[in-house]
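Trainee: So the chains spell out like this:
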Amino acid sequence: MSLGRYRRLTAAELERFAGREWVAWGSGRDPRGFRLDGVALHLPEHAAPAMFVWSFAAMNGDDRGTPVFSHVPYPHKLPEATRRALTELQAFSGGFDGFLRHVAARASRLD
Amino acid sequence: MAWADEAGREAVAIICLMQPTWAVRPRRYHRSSGRLPEPHGAYAELLTAAEAQEYLPLEGASDDHVYVAVYGYGWDRGPHSPARRPRRRRPVAIVTWDAGAQAVRSVTGFVHPFCVEYQALLMAIDRPQDLDDLLDSLHPFVDPRDERVFLT
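Residue numbers (this note's numbering), protein chains in the order written: chain H, 1 to 111; chain D, 1 to 152.
So that you can see chain D by itself, here it is in the shape it has in the complex:
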């Protein structure tokens, strides 16, 4: 009956791989509120406090905080896609992580309607334990990619 066990395992593996996108949930996404983004539709990148200040005009950006910007990949699903205009892509959302308090200090969205699904996701995850946990919670929708710091 070994062949039957093997066939059963293969069937389970195939079913898992065939999981539709709507069935994919981040590890700690605990409720359904709003439409979720497409898996791997965006990537995360760290901003310096000076860079974040441009997008958070009502707050004094601080080096004590970590600014995780979420960018949509765009039409070619690549972070370095040839832009129609040579300007920096705007983040759809920024999560401000308070490293001292080990808590999400704020969730800020920008590019409507593209930010809506990511904001819904960020608002719906459970409280992260640390920065790695925050990024892990966003899988598989946001890839933890960054040119300066590889976030894993």
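Chain H on its own, in the form it takes in the complex:
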């Protein structure tokens, strides 16, 4: 079953998250030192996409990443199988590259 279509979040979308205290972890680390990446998952006939943002401690990209934000609009308007698949995505912790592969196996690329 295809969940829908997905795309990487744009720089403009990610900028809205940049510098927020909760995208950072570690004692005394500057949130602006964290790189952000993410995915918008457009679900069929759904009002707004589900969004997933990951945070990377290393600016050069050698960090596997940590999920810092997942957002599912109107979950009760989604079929149960879709909700279950989104719950799996919310729980995914195998690194951002693995997350992208996980999404790509369940949705088609939009961009």
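Some hints here could point you the wrong way.
[To be verified] So these bits of chain D aren't anywhere near chain H, every CB distance computed over 10 Å: (1) 38; (2) 46; (3) 49.
[Claimed, not checked] Here's a subset of chain H near chain D, in silico, CB distances under 10 Å, partners left out: (4) 17; (5) 21; (6) 48; (7) 66; (8) 70; (9) 73; (10) 74; (11) 77; (12) 78; (13) 83; (14) 86; (15) 90.
Keep in mind that the hints were calculated from the coordinates and are not lab data.
Bear in mind the structure is a predicted one, so any value in this text is a computation, not a measurement.
Built from N, CA and C at the ideal position, the CB exists for glycine as well.
Since chain H is already given, all that's left is putting chain D on it; use the hints.
Mentor: Just chain D, lined up with the frame of chain H:
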């Protein structure tokens, strides 16, 4: 045989009290998807639209919505635990309730992996009828506690 009836009732009561945590389910939790949180492992608190805006940067927070933040109790299982650092505890998840539509507008999770079990719970409950029903559906995992508005 009255004593036997009484003993039977006591036995049933004891069995109910001995229910293990894995057997506890919210009133309207209808399927098993992911691991459930520990009972009374978190509490709910309302956020103002301005407070919620910090955590929902892609949405315009509105006074027409109710923002229910779920916070883990932490190591001492108390909402006012002495923090190691004097800063506000982050919510693990926020449920945005659309009061006009009487529907959950969104479920948003933050602190991985602590949010995972609460997100799974929030995604698995049936559609709530109203705000009280939403909070009631989260029992016994989330306590309906709030300093400004007592949610019951």
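Trainee: Now look at each hint and say whether the structure bears it out.
Mentor: Against the structure, the hints come out as follows:
no. : hint : result
1   : 38   : 17 Å, holds
2   : 46   : 18 Å, holds
3   : 49   : 17 Å, holds
4   : 17   : 6 Å, holds
5   : 21   : 8 Å, holds
6   : 48   : 8 Å, holds
7   : 66   : 6 Å, holds
8   : 70   : 5 Å, holds
9   : 73   : 5 Å, holds
10  : 74   : 7 Å, holds
11  : 77   : 8 Å, holds
12  : 78   : 9 Å, holds
13  : 83   : 5 Å, holds
14  : 86   : 7 Å, holds
15  : 90   : 5 Å, holds
In this structure, every one of the numbered hints holds.
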